[in-house]
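From just these sequences and the hints, can you work out the full model?
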Amino acid sequence: MNCDVWLLLEDREGYSDIMQAENVEMDNRKIRSRLALLCSFLLIAGMVLNGTISLSEANVTGNCSDCHTMHNSQNGVNMQILALGETDTGPKGFLLRSTCLGCHGHGTGKSLEGAYNNIPQVLHSNATDLAGGNFAYITGMKARTSGDSNTVGHNVIDIGFSETVLTSPPGDEYSTNITNANFTCAGARGCHGDRTIEDKLIAMKGAHHTDNHILKFGSIDEKNQGSSTGLSYRFLKGVKGGEDSLWEAAPSSIAHNEYKGSTSMGTGSATSPANNTVSGLCAECHGYFHGTSSNEVGSQDPWLRHPTDIALPPSGEYTYYTTYNLTVPVARTSIPDNPSGGVSSSDVVMCLSCHRAHASTYYKIMRWDYKNWPGNGQINGCNVCHTSKN
Amino acid sequence: MVRLELLIVRKKHLKKRLVSLLCAFCSALFALCCIFHPDTVSSGPYLDSAHGNTAYGVDRSSLSLFGYAKGNCAHCHEQHASVGGNEPSPQGGSASGYALFSNNFTSQSEDVCYYCHRGTGSLQSSFSHINYDYSYWFGGDTINQIQPNSVFDAFNPTFGENPSYHNLQDVLNFVKMKWPETFKNESNPCSACHNPHLSKRSYPIVKPSDRNNIWGNEAGKKMSDFAAAHGGKYQAPYRYNSTSTYEPDGSLTTDGSNMPDYVTFCTDCHNDTNVIYSSTLGRNLQKIGWAQESRTYGAVADYHGSVARCFGVDGNVDQGCGCSELNCSNWGSLKEPYHSANYMNYILSCTDCHEPHGSRRQYLLRTTVNGSWNNQVPPGPPAPSWERQFCLSCHTHNAHCGNLWNCLNCHYHNSYARCFACTWCAFGGVHGHAF
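Chains as they are written, first to last, in our numbering: chain G, 7 to 396; chain D, 120 to 554.
The hints are simulated quantities; they were obtained by calculation from the structure and are not laboratory data.
Some hints here could point you the wrong way.
Result set (BS3-like, lysine-lysine): computed pairs, CA atoms no more than 30 Å apart in a straight line [unchecked claim]:
{"id": "1", "chain 1": "D", "residue 1": "Lys454", "chain 2": "G", "residue 2": "Lys395"}
{"id": "2", "chain 1": "D", "residue 1": "Lys340", "chain 2": "G", "residue 2": "Lys395"}
{"id": "3", "chain 1": "D", "residue 1": "Lys406", "chain 2": "G", "residue 2": "Lys395"}
{"id": "4", "chain 1": "D", "residue 1": "Lys297", "chain 2": "D", "residue 2": "Lys340"}
{"id": "5", "chain 1": "D", "residue 1": "Lys454", "chain 2": "D", "residue 2": "Lys303"}
{"id": "6", "chain 1": "G", "residue 1": "Lys116", "chain 2": "G", "residue 2": "Lys211"}
{"id": "7", "chain 1": "D", "residue 1": "Lys454", "chain 2": "D", "residue 2": "Lys406"}
{"id": "8", "chain 1": "D", "residue 1": "Lys297", "chain 2": "D", "residue 2": "Lys319"}
{"id": "9", "chain 1": "D", "residue 1": "Lys295", "chain 2": "D", "residue 2": "Lys319"}
{"id": "10", "chain 1": "D", "residue 1": "Lys295", "chain 2": "G", "residue 2": "Lys395"}
{"id": "11", "chain 1": "D", "residue 1": "Lys303", "chain 2": "G", "residue 2": "Lys395"}
Here it is as structure tokens:
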């Protein structure tokens, strides 16, 4: 393209006989400058369009040394960042300076760590838990309202409080081989990353460096979500959604995550969530809850299990759930470009409508104190949808 | 004039401002409540129901072991059929409709309600209010009516001489046909009369045509209301062994203002148009026209309903229906408290004579009626028969044209047969209504 332009300029210079030399020179400068600008724009646009570069930065920003260490030593000091209770200061894969919890489980009073409050904490003592919940209820760092360390959360071995009752996931449709002794954050024995890969670090490879603006409000691109760990909702490979920039540290009915839901059962596996929904992810381990066939879960009138990935009925008591309730969130069949404060009959019941993902202060990782209702006089989240049964 | 108009305009503006201020105040108050008490909710219909009661609500023992509170949804509904990795008792079987812990309804003896509402083997941790029958709780007969002592037993009687019960499959068949939008194949026939999320211990019934509202709990839904609307009066029968207290609550109230309008409730199904097949009897049930006031032959009506008596309480005074019988007194009189009340038109409640679930006798008839236990004698023939004893709870009778052992052979709802019909009613044609 540049050659063509210069040829044009040469042609133009052929007319210099009838023009003032200075004027020609000035014109040529202007034209060159404009053409250079145009070329630069076209070049950048082309690179953006074919994916060579992106308009946004990677998910994680900062110095490489914040997360990586070349020799696990600096000035004779070990470079590992340890989570609360961790003691292993040895080098980690990918030259990392910490385990998952080393970054995400500081165990302090802050729910968001880092200079930019951009490291969400899954184990902390802050009064406000993030959307995923807080493993601190398992460890006892935070007081449990109901239940015990086995029943208030997903007991990943990383936090040092393995499940002592269950040895495998209840409803383990796909025989995941996950046990109370190997259940971890990511990979084939966890939830995050690529569940086809055994090693949790390899399963997460590249995710933190991926530009994931398509998961962010204002630039949601549902179609292109889920193809890699980095492009999946909260690095849950295959899951789609809209990510609140504060992980719901300061949520409201119009500032919250948006979850992907579906209105059909779909086809999932141990490593792939059906319909790219968050309920599909849960079903990778708890599929028999979600149903393996219509015989298991039934259909409307009557359901055999409480359904997930089903639209709220458009009649009766359900029609009174109209304002997004953070206690009982719904999923969307189409992820909005900005969090919506409304609820309609096209919205979807999901596992996270009732449960947290990591841990909660309540028995069975519930989002409210279901077990002690109605004696506790507190809200029963069931009534957010089942409005006539309060 | 202009000044007056100005004043009116100012007054209107002032009123508007006051209304706005009031609205703003209320909104602020509501917002403050939401801020300071975001997680508390007011009691709703379920929490006011018997099942949702925090003191005596549903409490399946296998769930209470895990610490689930009384009244919690989980006692009946299993979202995942697993708690702590195991299915709580009762175990086994495939997943059940409505996420219930067992099949909703299978047969007369297999119903999810029975798991708790039964005697031995009940899953409910404890009952503070045993499900005795109507004659026990509202008839006051705590001596003779200790059976049945559960809903299961009432619907599956293994006691009694000629037991009867509401056939649940028949109930389901009928309500499915009558209200197909409400009742499906998977519905529970118990829910035709009860709403498990709504029914209260004191007011347990809902009409099948209106399942979202309790029936009988407020003015306009009482027996006194039905009677007044149909030209008659309700007289409460005596409580058991008493001549001074009355059903249903043992109080001095006699006009039915303290009693649900069971007639409107029961006639949601058992009315003068619905055709209801009884697989127990092998025929359609008699139609019941409790609201019909006319004696006209062919009209579905009953003297125990809205048709006025032909005779006085002593059976010897023509009440204006043109009785030509010279020996009317032979037909007998009414017993107390009906005799003294001497109302022109007694409109009875269905529950004055019938048990709602089941009975040790036929047609769900009560064995304690109007304060007396009438079950001392066996069914006829020969006389004295239980059937006659049943009727003698309220009636005396001095003469009869036939046998005296089974009144029910001839006297039943909407009967027309000649001998015992009101043959002499001039306004009723040749045949009128006897019962």
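Which of the listed hints are not met by the structure?
-> 1, 3 and 5
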